[in-house]
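A.B. asks: Here's the letter readout for the chains.
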Amino acid sequence: MSEPLAIIFFVIGVLFDLFGCIGLIRLPDIYNRLQAATKCVTLGTCFILFGAFFWSGFSAMGIKALLCAAFILITSPTGAHALARGAHISGVKLWEKSLMDKYAEDKEGKSVAGKIEKA
Amino acid sequence: MIWLIWALVFCCFLCLYRVGAGPTPPDRTVAIDIMGTLVVGICTIWAVIRGKDFYINIAIAWALLSFIGTITLAKYLEGRGLDE
Chain A
1 MSEPLAIIFF VIGVLFDLFG CIGLIRLPDI YNRLQAATKC VTLGTCFILF
51 GAFFWSGFSA MGIKALLCAA FILITSPTGA HALARGAHIS GVKLWEKSLM
101 DKYAEDKEGK SVAGKIEKA
Chain B
1 MIWLIWALVF CCFLCLYRVG AGPTPPDRTV AIDIMGTLVV GICTIWAVIR
51 GKDFYINIAI AWALLSFIGT ITLAKYLEGR GLDE
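Chains as they are written, first to last, in the working numbering: chain A, 1 to 119; chain B, 1 to 84.
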């Protein structure tokens, strides 16, 4: 459809991917790494897929690229959420300069409430 | 436009460094998940360069399998069985 627009989208997407992977290397903690890498790489790959759509228009390749972009936008945050929950349940410690842990507070509050109800 | 693919391959090597050096198992799992998403981008740019549609089919199948693998590893990290 419009090739210069497609190349601009490709370059933006590759830059997002590169920054996400640098965040995966540099950040100190599993939760920080998960946040940086998942958001940046999901958006970067969606930019690349939209670029493929702008390159070829409403052909078979463009429609498949839109389908793949929608699929990645649904599944990648789901996988990241499941991984963060699994890491917290399996007992991975937070970074020592982290300020708060709302999920642990929530679990403790639930267990305290359950004890009160049993008593 | 081939340098875009080389930049994404460099990103894959950064992820492989995190797979090797990650101190905990969730670090390695996150890096494998991110690398699957990067391979989807590589397949898409390769389809545009070569002008063939079927590389996009490879990208869709790779995204599906990467999602299933990530969910399975997350359930394993929670300590639940795979059939619950």
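Errors might be hidden in some of the hints.
[As the list claims (entries may be wrong)] Lysine-lysine pairs mimicking DSS-like chemistry, simulated, CA-CA at most 25 angstroms apart:
| id | chain 1 | residue 1 | chain 2 | residue 2 |
| --- | --- | --- | --- | --- |
| 1 | B | K75 | A | K39 |
| 2 | B | K75 | A | K102 |
| 3 | A | K39 | A | K97 |
| 4 | A | K107 | B | K75 |
[To be verified] A few chain A residues facing chain B, derived, Cβ under 7 angstroms:
| id | residue |
| --- | --- |
| 5 | F10 |
| 6 | I25 |
| 7 | R26 |
| 8 | A36 |
| 9 | A37 |
| 10 | V41 |
| 11 | L43 |
| 12 | T45 |
| 13 | G62 |
| 14 | L66 |
| 15 | C68 |
| 16 | F71 |
| 17 | I72 |
| 18 | I74 |
| 19 | L83 |
| 20 | A87 |
Simulated from the structure, these hints should not be mistaken for lab results. We put the CB at the ideal spot given by N, CA and C, even for glycine.
A.B. asks: All the hints need checking, so say for each whether the structure fits it.
C.D. replies: Hints, verified against the model:
no. : hint           : in the structure
1   : B:K75 / A:K39  : holds (21 angstroms)
2   : B:K75 / A:K102 : holds (21 angstroms)
3   : A:K39 / A:K97  : holds (22 angstroms)
4   : A:K107 / B:K75 : holds (19 angstroms)
5   : F10            : holds (6 angstroms)
6   : I25            : holds (5 angstroms)
7   : R26            : violated (10 angstroms)
8   : A36            : violated (10 angstroms)
9   : A37            : holds (5 angstroms)
10  : V41            : holds (5 angstroms)
11  : L43            : violated (10 angstroms)
12  : T45            : holds (5 angstroms)
13  : G62            : violated (9 angstroms)
14  : L66            : violated (10 angstroms)
15  : C68            : holds (5 angstroms)
16  : F71            : holds (6 angstroms)
17  : I72            : holds (6 angstroms)
18  : I74            : violated (9 angstroms)
19  : L83            : holds (5 angstroms)
20  : A87            : holds (4 angstroms)
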